[in-house]
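Given these sequences and hints, build the entire structure.
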Amino acid sequence: MQISKDGIQNREPLNLSLDALKAIRAYFEKHNRSPNDIELETLAQTWS
Numbered sequence: 001m002q003i004s005k006d007g008i009q010n011r012e013p014l015n016l017s018l019d020a021l022k023a024i025r026a027y028f029e030k031h032n033r034s035p036n037d038i039e040l041e042t043l044a045q046t047w048s
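Residues in the sequence shown are numbered from 1 upward in steps of one, following full-length UniProt numbering.
Because the hints were derived from the structure by calculation, they are not lab data. Treat the hints loosely; a few may be bogus.
[Unchecked claim] With a cut-off of at most 20 Å between alpha-carbon atoms, the simulated EDC-like pairs for lysine to aspartate or glutamate come out as follows:
1) 22 x 37
2) 30 x 19
3) 22 x 41
4) 22 x 39
See the structure below:
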């Protein structure tokens, strides 16, 4: 997952802060996998 100040690349906007995106990335890196679209959408809807 590539995170920049513009958000996740190659994806529609998720309306999450950069800190939230970093937390999501850290969680999934800890578990050695990338989030799927459903997981990202769920997090975006519940955290926004």
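Results for each hint:
1. 22 x 37: 16 Å, holds
2. 30 x 19: 16 Å, holds
3. 22 x 41: 15 Å, holds
4. 22 x 39: 15 Å, holds
Comparing the model with each earlier hint shows no violations; every hint is respected.
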